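> One-letter residues, chain by chain:
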Amino acid sequence: MQRRSFISSAMRAGVVLPFMTTDSMRAFAYPTDQLGHLSATDQEGERILVLLRMFGGNDGLNSIIPIHDDEYYRIRRDQSALNMSIAREAVLPIEGALGFGMHPSMYRLHELYNEGHVAIVQGVGYPNMDLSHFRGTDIWLAASDSDVYLQSGWLGRMFDVSSPIDNGIPYAIEFGDNMSRVLKGQHQAHAHHYHATHRFTGSEDIGSLNDGLAMADEFESRMLRSQRTGRTIDDALRRVGNHTRTYSEESPLADALKITSRLIRAGLPTQVYVIHAGQFDTHHRQLEVHAQQLDELFSNVHSLFRELEDSGDADRVCIMPISEFGRRVEPTQSGTDHGTAAPVFVIGKHVNGGMYGDAPSISDVDVNGNLKWTTDFRQIYSTIMRQWFSMEPSSIDTGVLTRMFAPLPLFARSEILSSAITLAPIPARTTLDVIAHRDHSTRSQFVISDLHGRALQSGTLDLMQRSTITLPALASGVYVISITEVLADGSASVHRQAFPVEQL
Amino acid sequence: MLEVYDDVRLGPWSRHHAAHLLRRMTVGPTPFEISRAVEEGREATVERILTPWTVPTEKVSSMISDIVLAELQPIDTLEYYNFFVRKDRRYIELVQWWASVIVRSPLSAQERMTLWWHMCLPSSLNGAHFAENIFDQNMSMRRHGLGSIPTLVDEVIHGMAMQIYLSGTENVWQPTNEGVNENLAREMMEIFLLGRTDAQGLPSYSQEDVSEIARSLSGWRIAEVHVAGSTGTDYLYRMRELVFSVDHWDPRPKTVFGQTGTFRSKEILDLLFTEKRSAIARHICSRWYSSFINETVEEQAIEGMTELLLDVNMDMTSWLRVVLNSSHFFESRHRMRIATPPMVSFLAQLRYADVGYVPDFDDYDNGVQDDLYSRLRSINQCMYYPPNVSGWPDTTDYVAGTEIAWRLEMHMRLWSGTMTFKNYNGGRQVYPIVINSFLKSYGMPATIRQLAEMVLCDLAGIEADAKDLARRLCPVDRPCDNTSVRGLMKTITTSPRILFH
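Protein sequences appear in the order of chains B and Z.
Numbering of the first sequence is given in the working numbering, commencing with residue 4 and proceeding in unit increments.
Numbering of the second sequence is given in the working numbering, commencing with residue 1258 and proceeding in unit increments.
Simulated from the structure, these hints should not be mistaken for laboratory data.
Here the structure is a predicted model, which is why all the values come from computation and not from measurement.
Be aware that one or more of the hints could be misleading.
[Unchecked claim] Cβ-to-Cβ under 8 Å is the rule here; a few derived chain Z residues that face chain B:
#1 Glu1447
#2 Glu1660
#3 Ile1661
[What the hints assert, rightly or not] The calculated label-pair distances, taken between Cβ atoms and stated as ranges, are:
#4 Thr1652(Z) to Ala84(B): 40 to 46 Å
#5 Leu490(B) to Gly1458(Z): 49 to 55 Å
#6 Gly215(B) to Val1569(Z): 35 to 41 Å
#7 Asp220(B) to Gly1683(Z): 41 to 47 Å
#8 Val1261(Z) to Leu85(B): 40 to 46 Å
#9 Gly1458(Z) to Ala84(B): 36 to 42 Å
#10 Thr1454(Z) to Gly215(B): 56 to 62 Å
#11 Thr1454(Z) to Asp73(B): 38 to 44 Å
#12 Ala1721(Z) to Gly244(B): 55 to 61 Å
#13 Phe1341(Z) to Arg91(B): 33 to 39 Å
#14 Arg1266(Z) to Asp220(B): 27 to 33 Å
[Said to hold, decoys possible] Computed footprint of chain B on chain Z, listed as stretches where at least three residues anywhere in the stretch have a Cβ under 8 Å from a Cβ of chain B:
#15 1279–1289
#16 1355–1367
#17 1588–1602
#18 1665–1678
#19 1689–1700
#20 1718–1726
We treat Cβ as the ideally placed atom computed from N, Cα and C, and that holds for glycine.
Here chain B stands alone, though its shape is the one from the complex:
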């Protein structure tokens, strides 16, 4: 992803930047709009994750309702002081999942599901789930075990691995009033914060009194970074029109999504957006509050999705709302208490729509009356990093998640991490070496094309070894190599990378 971010930034900015390889530190430039033959999703650094944080614990049972299960209605309706169930006749049917229905307020998500753009993973949790909002949130954002206390977050560590160059263009934006853990790396914070009006208008030479006070220096650096981010984002926003779809009024979630949409449409190469998505801590007045919150969340997500479809950017975006836990099976008075497992939704044009994982049994709960989880939430994270961000599995398993979590087939196609393959020499002249860091032999097809998409050469190579391709006579310029690999599960992975050629 290092190269991804780099190339993307260079493409957008149309600037000369050092090509960061061990073989060469020479600078080169190429035009901003000449990779157009690559489909949007294939372009380096173009993939985006919008992470939505549903604070408080979303009630999974009343989101994806197990209408087949009489036990659900016995506990939530017949034995409850107030009817806390969603009636069978009210739910939205889920194709391919007889026995389950979607909350009627999720009709906008239902529409996307029916179009094949939503994966629903049932029973998501982790061993020894913590029912504290704050510890639960920490675990979900850090992707840690329940007895491990990490200061960093999973997306922060993902950026640690990819080491994007901080050239003033925000590669990760977090909306909201505070920095959360999710974008904190082991040694640095990766989040760029944005606020439409919160700017310092005085001289930015403000550090004269810091006097070796490290925390004040850190504040200065954060402020200056946010000022830079603000200017970059303001510039990007000026390049696109306002929203074209209907979003909620007076909603911080909608406001953040509107800006996100405009930034994506403006081509800002930001890879991650983190947005707070409302309060789901439904201890009381659950039926009313939960319906409102689901409606607000998914109506606005729907607007974002459609708006990006309209602009041709939806291919590049994956949206995932997460919450620290689900809620207890047995209701209290007008609400439900903190619980455990709940479904997770992954939304996007490249998502393999459908239901995944096993729904937890309502009859077989733990000693505290909570659902038993069936899919570890880190499997979803792993899937996103592998299949969406095309990271190399070993760097996910050791650098981000600490061990291997089996991915789920949530995306229609996976890609290989750019940095897992090194090209040399850079710039190339007559030959191009492809060096892959694989532990097994893999025969792959390659195609070299120019920036207009014309194929110039093709062949096979072994990704385990250093393979040398003798190039045809190429003029100085930028070319693209596409390598297609057939994975063990039969799916095809495509790796594309730009490389410069310079003839003496």
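Keeping the supplied structure of chain B fixed, place chain Z upon it in accordance with the hints.
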């Protein structure tokens, strides 16, 4: 145990020590108040700021009736609309009242500690339904914030605001339904009393403990009275006290931390303060330490402070009297090591600068000026609007660059005379600072460099390099005038260092 302040090692009581004490334990000490503390000495100053004072409540007299109108029917009447307008208006008025108390109060640790308790045991105006309930909670924290911790916790937990905010009045047991509402029990254990883990990093309590404590806390209800209006209108009033309803309380035995009984809420609090006394004391000492001494907690000091808190029977004044007179509190390694909460630093600037006219409370009778309130909302920290049940994140890690930028921007506008509000004629007026009064408060320093040295001491905690720094900030040493003072203050108050204390 905590060592008493060591004059030999830490130097004699000086302006630096006085400013350090007052920056942390009060809100926005004025230059004159710092000078007075220097003259009075450490012990007398500590004693003075720990002395309670009676807060004026005239401006919130509308919130002191015994019953609160809670609802009225039908909902399509003008009365109903007016009721909600007034209800929402009182939210704002309560924040404005407290801000005015802080900015215009005598120098006191009471205000700072009340704010701290609010940040430790937060409730939100919207979540507590009525400003009246929050006002009662404020008075409880004011009454006991410098007193007995068990009494404070008892009053807050059994107060209407917290009961409504954390679903206590929804915590109803019914024989047909095992579940009770655990919200209050869980947050009380995690946020208020024990923390999620203990000193050894082990869980402080189990899910079973939460369930059992929740069952003990059940049974509290709000007394309501319906009154029929003359034209078919139905008014619902709420009494401003909770009533215990045996019918809604879970009467079965509960086992909590090894003790079994049919506990009610008062009994369970007694049990917690007996069985977990040390752990509670430790949790509160750790939180206080990270808010008032250093974000990085020193374990040995916490042990000493915990022991002390237990020795003084959890009485905050007795405890603070010792802590604030200890060497540990004044160690130079702790100076400027805590990020000042945004609302504290903003209100502190207004008080320190002795801003003569604040539209929200100096023109209070008209009740339509909400400029300060809006500014507090905009800096990511306004009283009674916490982001969630645990309150505001209180370590530097969580402070975003945008927030820093905005806070410094407000300082700059205040001192450069461009922080404005709309007056009734549609024109703009500024938050006024009278520079001559400000200089008087500093004893009319002869030159701008002399002023700079004192300001650097008072606001930025700069001691050794103050002279050099003053020379750098004021290359030309000249008599103080409006322009030079404002320029100097603008430079100093827009340094990120100012956001620490």
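> Against which earlier hints does the structure fall short, listed by number upward?
5, 8, 10, 15, 16, 19
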